[in-house]
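Number of protein chains: 2
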Amino acid sequence: MTRDLRPLFDPRSVAIVGASATPGKWGYWLAQGALQAEERRAVFLVNRNGGEILGRTAYRSLAELPESPELVVITVPADGFEEAVDGALDAGAKALVVISAGLGEGGPEGRERERVAVERIRDAGALLVGPNCLGLFDAETNLHLSSNSVPSGPIGLISQSGNLALEVGMLAGDAGLGFSRFVSLGNQADLEAVELIHDFREHEPTRVIAVYCEDFRDGRAFARAAQQAVEAGKPVLLIAGGGTPGSARAARSHTGALVSDLVAVEAACAAAGIERVATPKELVDVAVARLGAPPARGRRVGIAADGGGSTVIAADLAAAHGLELPPVSRKTSSGLQAILPPTAATENPVDLAGGGEYDVFNFARVVELLLRSDDLDSVFLTGYFGGYSTYSEEHAAREVEAAVAMAKYAADAGKPFVVQTMYWRSAAAEALRDGGMPVYRDLEGALHALSALVRAGVAQPHGVPDVPPPAQPVEAAGYWAARALLEEAGVLFPEARRAQDSEAALAAANEIGYPVVLKALGDVHKSDAGGVAVGLADATALERQLSEMATLEASEYSVERTAPVEEGIELIVGSRRDPRFGPVTLVGMGGLYTEVLGDVAVALAPIGEDEAERLICSLRGAPLLLGARGRPALDVPAAARATAAFSRAAGEHPEIDELEINPLLVLPEGALGLDARIVLGGVDRDAA
Amino acid sequence: MTRDLRPLFDPRSVAIVGASATPGKWGYWLAQGALQAEERRAVFLVNRNGGEILGRTAYRSLAELPESPELVVITVPADGFEEAVDGALDAGAKALVVISAGLGEGGPEGRERERVAVERIRDAGALLVGPNCLGLFDAETNLHLSSNSVPSGPIGLISQSGNLALEVGMLAGDAGLGFSRFVSLGNQADLEAVELIHDFREHEPTRVIAVYCEDFRDGRAFARAAQQAVEAGKPVLLIAGGGTPGSARAARSHTGALVSDLVAVEAACAAAGIERVATPKELVDVAVARLGAPPARGRRVGIAADGGGSTVIAADLAAAHGLELPPVSRKTSSGLQAILPPTAATENPVDLAGGGEYDVFNFARVVELLLRSDDLDSVFLTGYFGGYSTYSEEHAAREVEAAVAMAKYAADAGKPFVVQTMYWRSAAAEALRDGGMPVYRDLEGALHALSALVRAGVAQPHGVPDVPPPAQPVEAAGYWAARALLEEAGVLFPEARRAQDSEAALAAANEIGYPVVLKALGDVHKSDAGGVAVGLADATALERQLSEMATLEASEYSVERTAPVEEGIELIVGSRRDPRFGPVTLVGMGGLYTEVLGDVAVALAPIGEDEAERLICSLRGAPLLLGARGRPALDVPAAARATAAFSRAAGEHPEIDELEINPLLVLPEGALGLDARIVLGGVDRDAA
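Protein chains in written order, with our numbering: chain A, 1 to 688; chain G, 1 to 688.
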């Protein structure tokens, strides 16, 4: 769906239905905002009582307008929703913005009213923003249709929260930024975030796309739109609301959102290259960095300050953000020593030790050396710089000179140069900003933003996969069905035989060869009730186990070849379906303890073998697979092949809610599924 | 050591040695600062060239002064350090503040010069701050002896960084706070942080003690001083610098600091009830909260905002901070429904859904209900509140009225009430501040501070233990020595026999009873080289194992009774000595995987059984010990007894650098050490 959104962002005429002469009312703010661009477009104020509003005569209805209003903003009570929509369409509107609340967010009845209205709107070749939204803004076309004024700048904001937009606007304004466009999504009855992301990608004044979303609708389409924007060079920053129990309660009540698991959102962000942020401040902090610095090619940062404490605190916080502070080469260190006093620290972090106070231009010399060092991917200046302007006018001038030089060196080096200064409003700080550099007041904002530049530079988003076309549906759940599905997909399992009773089990064991594994199948809870026995060395042991399992009332048994568990490490591979993002594959370190710790990594299914390997290697416990502590390296590529095959099978079966291999035993050569499970259509039918 | 610091903070007279008439020089700033209190105390400016400085005639030396200067500030080059100290003492000074750098931080020679000078200073009954410091400040006595001016307020700051003090001062000023006192520690040649903490505890205008430290000197004394301050009702907030490789490099070069492991600092903070913060902003954010709200009695927070997005984002961030958002009781929810529009969310978080816009006093009604709810330990208001003042003067007045009411309700309830508002400078925000409430601009600061209030309320600092008097030193390292030491302390191990050869091993096994465990001792690396064999079922198996181990060239063997490993969970218990904080005990979940993940908890040794149990239960993997996933609960008290006994043994043996039980097997009844290790005096003498 690629519709022309010009009637929304640059309408030839605007009508405000529900315009009001009373300050503090929505109909007043909207009228006031619309009138700011009266020279650019006709503005019609509509109020059923007529009268005068902000010096203009109000029309009593849309039918009275002298010309067709291209955009109609509706701010009447929900009761009048249908009438207002009909009136707008009859008047020839091509875009409707509905502020009115009390529709789809309230429940099914409201959603049905929205659906019917949207059908009429689309039939008329028009589009709808809202309902339950807070309007929109376009800086270039001077379109102000929201309650509060917002600053102009390079950020395109798509938001399911109006307050968030205001807060982001204030913080952005403080940082010298603002909005190119802002759209309040509301209930997304017609226009959804995905269509706006596509539109913002093509919108020249928009250089960063920021999204606050509670309901992702078609999550894959959303992620794909974001991926295309990222590929087109426009970073996408996302606040995803509703991932914890409390916020999910709030989101459902706020926009009737069908909330997604945080795990699915994380998988979508990784696939698309979306940078997830948690708060308005983080959003603006990261936007400042992405607008002012290139992505970093690696994690190695050089830190400089005139003052040991500043370097110490910054170094600790940088490490907490996963950045690396390698000592610089002897060459760079010698260069620094040649500039700085003998007490200076010249390895990294660099403490100018008064060298900046002695000559403030030494900051520029130090930063230049660090930017030129092959040992560093980015440079961070922190602390007092900017404060020398309080000494004298000469100091101030020299400090600005240093700032201008540093901005130039950074641009030449093509590396991120990020600055935190307690004198963030000084002339030197402004000179850095004018030179395009990201400048921060607080350390946490600066280092969070620098770590985002690193993520942008080193992450390898694998792209949003299509959900494969459905295969022949699986009809039964249970162990054998799961094994059959996964074996066909290419996952290896130990040899196994079905046995209905003890006699058959003993015969099966003879064919397979001792020691064997015995599993009781059916409605049994395996780990709790002892439904799995391993290492049964001979027929006596097997018989004893069979009689012990008799109490489980198993419907049948599986007798299996013993796998060399002690030679390998166990993974868990699972998949579940998110209501918005579809099948999500999860890989984790196996075992009881690790289930408790939740060492898992996730991806939108299906994934290829390379991506599966990256996923496995991203686990905190991955060093054990790769040969930590004197252990042999295991066959991670085989585990990745199994995981990729698993994820494809999960993707091809929409009738499966959950699919799991637990454990997947990774061996020095190969990988073996030791157990498998299917949950069909929301019910766990574990019976074979 | 409890010295009278009055000559430092409230001297009857001050002399500035190195005073200068040149703006931008230290000698100028110090003179300018000192002269601010000329009515309170005599100020003498000393410059070897004499002349006029800031309108006063400078003395050529301290010997020329008309009276004895009680406090002398020295800002001459390091070369003149001894001469200036002698001059000050000869003139009768009781306190010296030495700004001069280039002494102890540069290496042993400088430290020796400091030592000699301090000896003379102490002999004269005087004291020294610095060298390499940035001066000091006392608001009450109007003592300004630093480069920049700082705001006055309730925070007492002790800092090894001058820039940090400036930055904290600026941020505190924005929050309406400032310093009661500030002391720049420098190299701590004489006066150390610990003495200042004791002094600040008694200093009435100081209500929060903030410390930035790179070198803790006597770490136990430091922690004990902090503990006493906390017990006296003065929160201690600490930025500890130097815990990561990069920052340790910087700290060593900055003040010649002997840096402590982060683990030791963490243990000290837990013992003393110190709140650790990472940055100046965190420090001020937490100070605002501790000054404006009582500690929270639990983790349950109620969140309110007029706007769904605000509640959603805050709820997610609160969860990330470990706070809980329980749905409120039906009674509270009904109360909220009675106030708010039908679309409001009234469970928790509470979205006023326009109810605040309709009547801004509804914020106060909502907050009152939440503060009164027994389901909540604290209340957090976030988002737009404060912005209604932009509507009209009536709105503004009503909003302030609501703010005043909320502050009163919070004071009555005795619960934390924390506010974040994008209109943080509004009249309503100021009214909240005037009412003593913590108000923040950014969500992260507000929720970090709220989580600090929770820590202050729920943490149970166990107190800083004394290192016990040394016991008879252990002379040998190795397995048997470790076992003997720990068994004597009360740790249980499986029965074991020493065996010099195969014959002795077989005999030992017969006495113990099969299956046995065989360990090869001596210079062997056990896990890598197969020096431990378990489950040896009979003499044949033992003989085979002995011949396999022959290649290890073990000096002897241990033959041991088999422990029921499959019935328990393994812990690691270890101890190491920090150069500043002494012996630190560490408990972690055992096993290869968990060593990789580092699931550990630490405490200053020795610890009692209660503390050991809390420590074990704080592990992320603790649910497994307590009976997660259908497993039986294990004997955690027995594990705690073993850990407490271990920590006492570690504490009593300063000659031991490292002591370890790995693993400690926690069983349904009891806990058994399965292996033990001693490292003496820095060398691993694992040979038996």
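Among the hints, erroneous ones may be present.
Just so you know, same-sequence chains aren't split out, so a pair can sit in one copy or run between any two.
Unchecked claim - No more than 16 Å apart at the CA atoms, straight line, and that leaves these computed lysine to aspartate or glutamate pairs for EDC-like: (1) Lys408 with Glu609; (2) Lys331 with Glu368; (3) Lys331 with Glu548; (4) Lys408 with Glu67; (5) Lys408 with Glu658; (6) Lys25 with Asp359; (7) Lys331 with Glu231; (8) Lys331 with Glu347; (9) Lys408 with Glu503; (10) Lys331 with Glu401; (11) Lys331 with Glu495; (12) Lys25 with Glu202; (13) Lys331 with Asp375; (14) Lys408 with Glu655; (15) Lys408 with Glu567; (16) Lys25 with Asp4; (17) Lys408 with Glu543.
Keep in mind the hints are simulated off the structure, nothing from the lab. On a predicted model such as this, the values are computed, not experimentally measured, just so you know.
> For this structure, which hints from the list above don't hold up?
Replying inline: As far as the earlier hints go, 1, 3, 4, 5, 7, 9, 10, 11, 12, 14, 15, 16, 17 are violated by this structure, in ascending order.
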